[in-house]
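Assemble the complex: chain V is given as a structure, and chain F must be docked to it using the hints.
The residues making up each chain are set out below.
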Amino acid sequence: MNAPAARQSLVVVGNGMAGMRTVEELLKLAPDLYDITVFGAEPHGNYNRILLSPVLAGEKSMDDIMLHTREWYAENGITLHAGDPVVHIDRRRRLVRAASGREVWYDRLLLATGSTPFIIPVPGHTLPGVIGFRDINDVDTMLEASKSGGHAVVIGGGLLGLEAANGLLRRGMAVTVVHVMDSLMNQQLDKPAAQLLKTALELRGFRFLMDAHTAEIVGDDKVKAVRFKDCSEIPADLVVMTAGVRPNIALARDAGLHCERAIVVDDTLQSYDPRIYAVGECVQHRSSTFGLVAPIWEQAKVAGAHLARSGHRRYVQQATPTKLKVTGVDLYSVGDFIGGDGSEDLVLRDPRRGVYKRLVLAGNRVAGAVLYGDVQDGPWYFDLIQNRTDISAMRNRLLFGEALCAQAA
Amino acid sequence: MNLSPIPLAVRSTCPYCGVGCGVSATPLPDGAIAIAGDQAHPANRGRLCVKGAALAETVGLEGRLLHPQLREDGVLRQASWDEALERVAGGLRAIVDAHGPDSVALYVSGQLLTEDYYVANKLMKGYIGSANIDTNSRLCMSSAVAGHKRAFGADAVPGCYEDFDLADMIVLVGSNAAWCHPILFQRISRLKEARPDVKIVVIDPRRTATCELADLHLPVKPGTDVWLFNGLLQFLAGSGARDDAYVAAHTSGLGEALTASADCADVAAVARICKLDPQTLLAFYQSFTATAKVVTAFSMGVNQSSAGTDKVNSIINCHLLTGRIGQPGMGPFSITGQPNAMGGREVGGLANMLAAHMDLPNAAHRETVQAFWNSPAIASETGLKAVDLFQAIEAGKVKAVWVIATNPMVSLPDANQVQRALEKCELVVVSDINASTDTNSYADVLLPALGWGEKDGTVTNSERRLSRQRAFMPAPGEARADWRILCDVAKRMGYAGFDFSSPAEIFDEHARLSAFRNEPGPLARAFNLSALTGMEARAYDQMEPVQWPAVRGADGALAGTARLFGDGRYAWADGKARFVATAARAPANAPDSEFPLILNTGRVRDQWHTMSRTGKAPRLAAHTPECFIDIHPQDALKFGVREGELARVSSQWGALVARVQHSGGIARGGVFVPIHWNGQNASDARVGTVVNPAVDPVSGEPEFKHTPVMVERFGVSWHAFVLSRAELALDQVAHWTRVQGRGFARYEMAGRSMPQDRAAWARALLGVSAADADWLDYEDSSGGVYRAVHMVGERIEQCVFVSPRPDLPSRAWLAGLFANETLTQADRAGLLAGQSLGKRVDAGPTVCSCFGVGRNTICNAIREQDLTSVAAVTACVKAGGNCGSCVPEIKQILIETRAREAA
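As given, the protein sequences belong to chains V and F, one line each in that order.
Note that the numbering used here has the first sequence beginning at 1, numbered continuously upward.
Note that the numbering used here has the second sequence beginning at 410, numbered continuously upward.
Be aware that a few hints might be false.
As the list claims (entries may be wrong) - Some chain V residues judged to face chain F by a derived CB distance under 10 Å, without partners named:
#1 M17
#2 S53
#3 K60
#4 D64
#5 R93
#6 L95
#7 V293
#8 P321
#9 Y332
#10 E344
#11 V355
#12 R365
#13 F382
#14 D390
#15 A393
#16 N396
Claimed, not checked - List of simulated lysine-lysine pairs, BS3-like, C-alpha gap at most 27 Å:
#17 F:K900 / V:K60
#18 V:K222 / V:K191
#19 V:K60 / F:K702
Please keep in mind that the hints were generated in silico from the structure rather than gathered at the bench.
For glycine and all other residues, C-beta sits at the position ideal for the given N, C-alpha and C.
If we strip away everything but chain F, and leave its shape as in the complex, we get:
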């Protein structure tokens, strides 16, 4: 048989942000994976951002959880699947039997595939009979969900990415798309290039990379977005841009909305509250008014707020008033942060949803879902949302939690409370792909799940587009798909209805539920996948990206839907959209003298979430290797912290330590800390511990962007970095960050006390005890400087550089040496300098030892200065002027050189 020599590319979808780019993955004969953008995918047309392009570096098995583990007497041990599943099913069963359905909970993730999500939701709501299933999407876009539902009657994004191409104005609110949604941002960049008169407005307290493209940046005071959009609503109401016919025909509630925003009628007053230049604000209002085709795209800066839902609705209000919605090139647009936040919403995998866009409080919906599932129960009460859930766990009301594909110890606000909750919880089950995470430390049962490239299913992106994630690698170790683990547990709990044998079967049930009784009338839903029902496994495998609602046209052809509500008909029973009265209110916690600064959080360009995958890619580590505290230089001065040094950020909930930086993008009174770092890669950089647990009253989304904090100097007496092929034990180090390098790990450290014998300290840290180890060192004892390199054979194994100041040499040159199997003598000579010693002028073999003069130096002098005697050579280059032992050699060189000159 002749095997094809051409490796086959597998089309899949990127597992990071909500843009949902198509990825083409090609397993190569040597085991590597070639990653490229999928030319055929409408979301990206072949383009990939740096995170997507580095996917191949994240699929290695180092650090993977490969076998089930059970905690016994405080220690995890490997267990069989049988044992582990029995422990989970038995544990849940016993707790439900003893304390009722609401005593257990699932906490899942926007990184689950729709099929996994569907099974989890079905198990919880239809069989255990509780709505205690919530997700990390609660932290991300639940305010957008709530805003959509309040305005449209359904959680539906009206527009699509194409609207970004067709718009004449794009307003980005609370979105650093340049870093967080790079492919969408590039789309906007290309638009701006092609049509320079398209207006780009960025509304963000920080001057982010996104602002580079902006015609107008409104550095709004954190938490005042509702004032800004209420002001816009008032401005529009008094302008010719209001579309009274549209308002009358397709909306209700304008009066209340105008009344609630009446205090924002004065632009100057709004500018004062938002701390904006009145002229700039007015310019924004005027251009918004004057531009019909405007897309207002919003992201975490809007959603992650105690007034997040109102922020969303204050934006939608403006689009409803002008009728700029559902048509090409216009509309409010929620950009989601996760690959399948939208899929989770579609299956109803949140505590306040039922399934397939049906609602918990709606008895007809409950009956519909239960009938479809033929399930023994159906949840009727809203379950516990993320923050409430972990508070209920701590309170002992919820006694078992199954965490799937997320890391609440890092990502939830008041993360120390999460720790207390998990410590107290009777049964903590964690399904993950990594052996070691901050959350895993509290697990009683660890279940190995499949990762990207191994799992199979569908995801939905920000424009309602379903795409397939496809497997191109075998399952590692004993890892299993999440849907299968969930089904196995459900079956062991005694439930029928989980006899799925493939994701295709689950998807089919999901699609059928979306279409079930979905006819015009009281049960009509926008979410409808009727055209995708009844697919055979093969058709499912070949499914092309499609936007829902996906229904068959009259000709029977599959048709996706680019835009919703174009006909002005909304999902509310009366078909009208709702204006929502959004009276502006300040964030939950105001700064005071004890905590005078406002903490904002967010992403950096090259990392994603808790770094459990992006943290494995060396090329993603370079852009921002360490956690940082971005602060205005004047605030730094005021609070006694310095750029490049360490500082402590504390709130009444917790604290972290990171390095101070002045990006130039932050206003006075604010600080910014990225969300990514955690206990696996830093000693003390979990920003979740600092963030206040205030939530939006409607969506339950936490206020990640506004926590009053204090910043103070974190005094240390030494700084160090280590590059090491082997992992280090860092228990004794006060402050550290681990950065993934290519073939090594880099550690940045600092501490408060350093033993006098630094060499012994360094050897202990690097675990080098053998006296005959190849150990090079440099010591400036009184200067507090110590450097050492440990070589094994001709290869660098480890190095450590210590200084009392953060003035350590660049890590780049040393890091590069880890790629070499053999170091040259020149490399070795530079090791302790941390850099190449430079091209020493080649002086040739030494002739005069006393003055270190080489043969080449002497020859050159003879030629250039036309020297004729040894004395002249000595006078010129010193050689021979001391002991004279080289004089005969100089004579010889003189003769030879002159002879050559003469020839």
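The shape of chain V in the complex, shown without the other chains:
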């Protein structure tokens, strides 16, 4: 089948959420502009990676989290090469080559290669049973391991680690979360909130080792235990590394694109090569990298528009709220929740009810919020942050929520 010569070729490297969202945004604006070819490393359609936690926890099935089935690609005239990762980009000839040897020529290239879990390079890190928490494959490994019960050790007490631990616990494993800091989710929570969270999770059966530095994964042909710098050891049938991610930039770097921690893009998500765009976890924009979904949706919108040649949008970074997907734990964090010189704090503590709220103010505006136990007003605080609302008139009522402030107004 020959495509009409008038159409340009768009090649998308990475069949994940960022890439396909960009394609969707593009199709909305210019459905007939490109012949689109998508390469994906995983042998599936596009699924919602964020929902792997509920799948692991048994709250959702794989079908629930599929975003784009193979039929969708066909319906939209998109050529999908799933399970065939791109291994080389030839910018001079404007073509990509996949692992299968397949080569496709491009007018525009979209890199959406995502990231890879950071596996701490301690002795034993390559043993079977040491995994990250990134894709369906990891979930399958965990589900398999959980069938025989046993001990799971999750290294990294951040958002992803706690979700993995929750899932494994729900699948019947004894789970210990190992965290190198003294408070959980230290990227999103201050210490009092982290302490409440830890207490709540302990009540659900989580075990925690804080300030714990992993020295070695112990085992011969498969993982048996985790050993720490203080020489203590805990048994492990499964080790899940959730100690951060590394953007996948090898392909781009090999192609000579400018990369720092990730592929450097401008406000239009364009790389240093004008024909090449990049979105998602593999990009670095104004020295930030990305892991949460909300900014990536925004990137997709901008990149899609530029690919559709109606490009006048600019990508602007914004605070992103965080929620923990552990049923029964209500937690909301957004913005600068630590504060600094000149910032002010409003704090509400009701330990018996399991409620903690903290707002960080800077110059009569909300700069950040940490909510635990009562998160109903989280989105409102997020609005106040985004709109840079002057809150001085409602300062004394602010922490008690939108309803009260509206009532008084």
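Below, chain F without anything else, positioned relative to chain V:
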């Protein structure tokens, strides 16, 4: 035996103001008391004011003094009655023996029953042999007493309450009757309603609640009442209203009175001095002249003055000149402030009276009383009046004082002087119903007395009406009736004549004394209870309210007397009333640059005296929870104080701190502070410390209504309130007021320094040290705001709210929660906000966590916007637009909702 299931109501009399309303008290099976007005009592016909209606809330035993106590090495300890009485009797005996009768004194109260009063007076004047018995009535209506005696020759109120119904004009002078005598005021209101052309005139420097009813308000300059009434006398003298025949037949001294008031003949000049609009003043003079049936009722604004007696007489002069006295619907009328000020006067319980309306300087009277009592002594010299008494104590001339049923540390002027006096006094005995009062702190002996509802006896109201106070509750602890304590001490001092076994016996002796040798002639007295003598205990118990003189008619029937002097015969030997020359003079202390404002004092609507009883009633605390300084807004600006903030009022005698308020009722140059607050309920609000000790030269009544003061800002860096079931220790707090709530106490506080760690400060203040206490808090550290709630179980125990500004949330909602044994989750969520968080729209269970969108919100959007796809739902309510984890749920909701819509 079958007990009656219907609780029996006991008829008694209200223990507050001088209106003397009948109260019906019914002890209920659950121990509570039901209070209602006594339909049969002529003073109120079933009506009660808010204070009377709240009486049941004041009879609880919390804070009561239940056992005698003796001070040893500076500390009070419980003692037996035997020990305590011996200490009092022995102490008085020793001091009298060593220093003479005048070295001891009784300081009693218009809240004593007539029987108690009678025994106290008898002990002092007939047995110890001194007239050093004075009373808080000195602070209240002694100027009226002196004015009556000067004009009529006897301390007798000529009229009665019925005159208020019959008058065509009522002039209220220095009386905020709406708040201080509400039932009498309601009577006037009903009259005004029934006969709108009745003229009501209020003469008061303040625009009080009483003025709401007035046709005319004369906001007279404080202390100029004599000018005003001298001017009226002059105006009347030149009008047709003067009744020369009456003047000639029944009075003397008009000439001197007219001469002394000649400077007030010019209405414009009087208006200038009184700072009144000349037209308004003239209008008052004209209507007074034109109205025959006029009642001039006066109260503390007249009496509490260094010219109080002259004020009274300047009023009476006007009624004498027009002959408007002793007839229905007219006359001067003194409204008393206490339930039994009149009873005290009748027994002679003041330093310048003898007994039963007989006089100390009169040898025949002394002989009569001594003969009747058969007493070893009889006082012959006027004793020390209240202010002089405490000065004599400080000077060491009086070495023992027995304070009964009053609180001079709060109520006397220059109250810091009272403190010095009590500190210095060799023997201070205090009989009271409360364990803790400002005066009790200086007592060497504390004697537990009976309170209202426990004691039995008679009181007399403003219209000379005797009514019974009856007991309907048992004596609590070891408390005893005052008459009994006095008799026991008298007997231990070795005196015969105190073998009373009941109030009925005392009343009988009192009534017999009033009738003793009371025949036409030199010993004739208006005060005569001959018809009430010889009553058996049962008859005494059933005694109906009656106005004295109470004598038997020719038919032997008991007859009270509504009005006196109707025949124009007065109590002076010549039967004529006296005009008194009342040359006007300014108050004792004039404002100057250092103390440029004039302090006026008085009552608030829902409290009475030093709050030792009304302060216990939560429902009485709401109207005016805190002491205040009422000031004109322009003066506030001038002196740098702001409404709602704290200010200090100081005079050369002392100072207090209270919250500034603009009632709108006070003229420039004046401030008003209520009299009620004291060391038991506020850190620094005793107005007595500020008031000048100037007194009227005739009556000895202090000038409470005119003290030069300065007002300045009282700077604080934080404000707070606490509601707490437990009492707090407040030693570390600069400014505080305690307000009684239902099941809790409310504290309003302010201070100058606050530690950085407010949470630790709050825990220390509330006494919560346990780390696992259920402690909720809110902190705006840089904003200086801290709030905390201490829960015990499901119940609120305490809360504290702190702010650098007086912008704390309302106390009402939190206060209401103290009634609940269990707080709901919604209540708990609102605790630190100090209010209900309001009805949050019920969004239903959360579906989209990212945007906080609930199921109900989504369903409504689908129905109202006719949405058909998840994308449309997301576009409409945001749900599903972020992580997408709720998209399957939204799909499901979409299907269900559309199906229901279709059905």
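* **Agreement of K900 of chain F and K60 of chain V with the hint, judged by alpha carbon distance not exceeding 27 Å** => Not satisfied, since the Cα-Cα distance of roughly 95 Å exceeds 27 Å.
* To do: Tell me if V355 of chain V is really an interface residue toward chain F, meaning its C-beta lies closer than 10 Å to one of theirs.
  => holds (8 Å)
* Measuring from the C-beta of V293 of chain V to each C-beta in chain F, is the shortest one below 10 Å? -> holds (5 Å)
* Cut-off 10 Å, beta-carbon criterion: hint that P321 of chain V touches chain F -> holds (7 Å)
* Regarding the hint that E344 of chain V lies at the interface with chain F, is the smallest CB-CB distance below 10 Å? -> Holds, because the Cβ-Cβ distance from E344 of chain V to chain F comes to roughly 4 Å (cut-off 10 Å).
* Measuring from the C-beta of D64 of chain V to each C-beta in chain F, is the shortest one below 10 Å? -> holds (5 Å)
* Does the interface hint hold: is M17 of chain V within less than 10 Å of chain F, judged Cβ to Cβ? -> holds (9 Å)
* Hint validity - N396 of chain V Cβ closer than 10 Å to any chain F Cβ -> With a minimum Cβ separation of about 7 Å from chain F (threshold 10 Å), the hint on N396 of chain V holds.
* Restraint outcome when L95 of chain V is required to lie within 10 Å of chain F by C-beta distance -> violated (34 Å)
* **Restraint check, 10 Å cut-off on beta carbons, for R365 of chain V near chain F** => violated (14 Å)
* Taking only the CA atoms, is the gap from K222 of chain V to K191 of chain V under or equal to 27 Å? -> violated (36 Å)
* Do the numbers back the hint for R93 of chain V, that is, is its least Cβ distance to chain F under 10 Å? -> violated (38 Å)
The structure fails to meet hints 5, 6, 12, 14, 15, 17, 18 and 19 from the earlier list, while all remaining hints are met.
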